[in-house]
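Engineer: Here the protein sequences line up with chains W and U, keeping their order. Just so we're aligned, residue 4 is where the first sequence starts under the numbering used here, counting upward by one. Just so we're aligned, residue 62 is where the second sequence starts under the numbering used here, counting upward by one.
The hints are simulated quantities; they were obtained by calculation from the structure and are not laboratory data. A quick note: this is a predicted structure, and the numbers were derived from the prediction, not measured. Take every hint as true, because none was put in to throw you off.
Rough simulated footprint, nothing fancy, chain U against chain W, three-plus residues with beta-carbon under 8 Å: (1) 47-54; (2) 57-66; (3) 80-89.
Even glycine gets a Cβ: it sits at the ideal position worked out from N, Cα and C.
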Amino acid sequence: MRSEFCNALVGRSGNENVLFMTGDLGYMALEPLQEALGERFINAGVAEQNMISVAAALSRQGFEVWAYSIAPFCYARPFEQIRNDIAFNDLPVKLVGNGGGYAYGVMGPSHHAIEDYGVLLTLPNMRVYAPVFNEDISAVVNCLSSELRPSYLRLGRGEAPDGYVIPQYAAWRQLTYGDGIVIIAVGPLASTYIGAFEKLPKTQRPNLWAVAQMPISANPLPSELLSQISSAPALCVAEEHVKRGGFASELALYLAEGGKMPKQFRHHYALAHTYGTYGSQQFLRSLSALDEGTLLSTIAEFAPTSV
Amino acid sequence: MQARRRLLKMHFESGVGHIGGNLSSLDAIMVLLHEFVMEKDTFVLSKGHSAGALYTTLWSLGRLSDADLRTFHKDGTVLSGHTPVAALPGVPFATGSLGHGLSLAAGTALGFRFKQSSGTVFCLTSDGEWQEGSTWEAMIFASHHRLSNLKVFIDHNELQGFGKTATVASMSPLWDKIKGFNAHLQIVDGHNLDDIRRATNVETDSVSIIVLKTRKGHGISFMEDRMEWHYLPLSKQQYDEASAQLSIR
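Please model the complete structure; the sequences and the hints are all you need to start from.
Structural biologist: What follows is the structure in C-alpha cells.
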C-alpha cells in the first residue's frame with residue numbers, strides 16, 4: 004500500500020497546506036513525494052518524539068500534517084507525544100504507520116505492530132483507518148485529508164484474488180456471501196480469506212465482512228451485518244492485533260450493550276511478539292491461527308451436519 | 062513584586078507547592094509576556110509546573126481576574142497545576158510532562174516560517190528538563206533548521222525534584238553541551254530584568270538559547286536554593302513570613 008499511499012499524496016501536493024514528516028523512512032518509496040513537496044517534505048530524522056510534537060504544533064497552525072514511520076516507531080515510541088500534544092488538543096494530525104500487524108515479518112518483534120490501534124483508540128477522538136485493499140488507498144487518503152480528528156493509518160498489503168471485483172471503499176464491506184457463520188476481519192487480513200471462502204459451498208460459506216475504520220462508535224455496524232449476526236450460528240473476529248484491547252473487545256462490548264449477542268463467539272488474534280522463531284507475515288499469521296486454514300476449521304465447526 | 066506576592070497568595074490559598082520553580086521563573090515570564098510576546102508571537106511554557114507563575118503573569122496583564130486565581134487547583138477550575146488544554150488564550154498547549162515544549166515551540170517556529178509570518182516563538186524550559194532525550198531531539202531539529210525565530214530560555218536554578226541537577230544527572234555546565242549546536246548562546250542573571258531584556262533583544266541567525274541563572278524560591282530567604290520548595294506548600298506561618306519579606310523589599 005506504500006506506493007499507492009505515496010501516489011495519493013503526490014496527488015495532493017499542489018495544496019500548499021500539506022506537510023509531510025517522516026522519521027527517516029521511505030527510502031526507495033517516497034522519493035516522488037519528496038520531489039513533489041520540496042521543503043514541505045520534512046525528514047525529521049531518527050527522533051520520533053520530536054517529530055510528533057512538531058507535527059502537533061504545525062497542525063495547531065492549520066497545516067495538514069502527515070507523520071510517517073514504520074508503524075511501531077510511529078505510535079509506540081512517541082505515545083505520550085501523541086496523547087498530550089495531539090489527542091488532548093484534538094488536532095487532526097494524520098499518523099501513518101507502515102507495516103501494520105506482522106507485515107515486517109522476519110525483521111523481528113521490534114518492527115511488529117500488533118497493539119497499535121488498541122492503544123491509540125484509548126485516546127480521545129482518535130480515528131483509525133485500516134484499509135483492506137491496495138486499491139482503497141486513494142479513497143482512504145481523501146478521508147484522512149478531510150478528517151477533523153487525530154487519525155492513524157495502518158498500512159499493510161491487501162491484494163484481492165484474480166477476478167475478484169473489489170467493492171467500493173467503505174468502513175464496512177461484505178466480501179463473501181453465504182449461509183454460514185459471520186466473520187469480521189480487520190484490514191488487509193480480510194483480503195487473504197476471500198479466495199478460500201469463495202470455494203466453499205454456499206451452505207458453509209461465511210458472510211465475510213471487512214472493517215476498515217474504528218472505533219465502532221464512529222463507524223457503527225450496518226443493519227445487514229447486525230441481522231446476519233443475530234441469525235448466524237456464530238460470529239468470528241479475525242484481527243492481526245493482540246487480544247486485549249483489540250477490535251473484538253470493542254465489538255463484544257458493543258453487542259452486549261445493545262442486547263445483540265451472537266449465539267457463539269470466536270476470536271482469532273495475534274498471539275505475541277516473542278515467538279522463539281521468526282518468519283514471514285504469513286508464517287507469523289499461521290502461528291497465531293490467523294491463516295485461512297485455521298479459519299476454515301472454525302467455519303467447519305459450525306457447518307450444518309449432513310443427514 | 063506585586064506579582065510575586067500574588068503568586069504566593071494564590072499558592073497559599075490553594076495549599077499548592079511547586080513554589081520554588083515558580084519563583085525562579087517569574088521574572089522571566091513577566092518580562093517576556095509584558096514586553097516581548099505580541100499578538101503574532103507564541104509563548105510555550107515547557108516547564109508546565111510553573112503554571113502558577115504564568116497564571117499570575119496573565120493576572121498582572123488583566124487576562125485573569127482575582128476570582129480566577131482563587132480557583133487555582135480547586136475542583137472545577139481551569140487553572141490546573143500544570144497548564145490546561147485549550148482553556149486560556151495565549152496558552153497553546155497543555156504542558157507538564159517535561160520534554161515536550163521545545164518540540165512544540167520548534168514546530169510552531171517552523172510553521173511561522175512556512176506561513177512567512179514575522180512571529181517569534183518564546184519557550185521557557187527548566188534545567189532538569191534537559192535530562193529528557195526529547196529535549197535534545199528538539200534541539201537538534203531547531204538547530205538543523207536554523208530556527209532564528211525561536212528563543213529558548215532555560216530556568217537554570219540548579220535544583221530538580223529530588224536533588225541538585227549536578228548530583229542527580231550532571232551535565233554541568235549545561236551550556237557547554239549546547240555550544241556544540243548551531244545556536245546562539247547567552248548566559249544571563251535570570252533575576253536581572255535588564256539582562257533578560259538585553260538578551261531577548263539580540264537578533265540571531267539561528268535558534269537563540271538564553272540560560273537564565275536563577276535561584277529556586279527567589280525572593281524568599283527560607284526558600285532560596287532549597288530543594289524541598291520544588292514540592293512543598295506554605296504553612297500559615299511561612300506564608301506570613303514570606304509576605305513580610307516581600308513587603309520589606
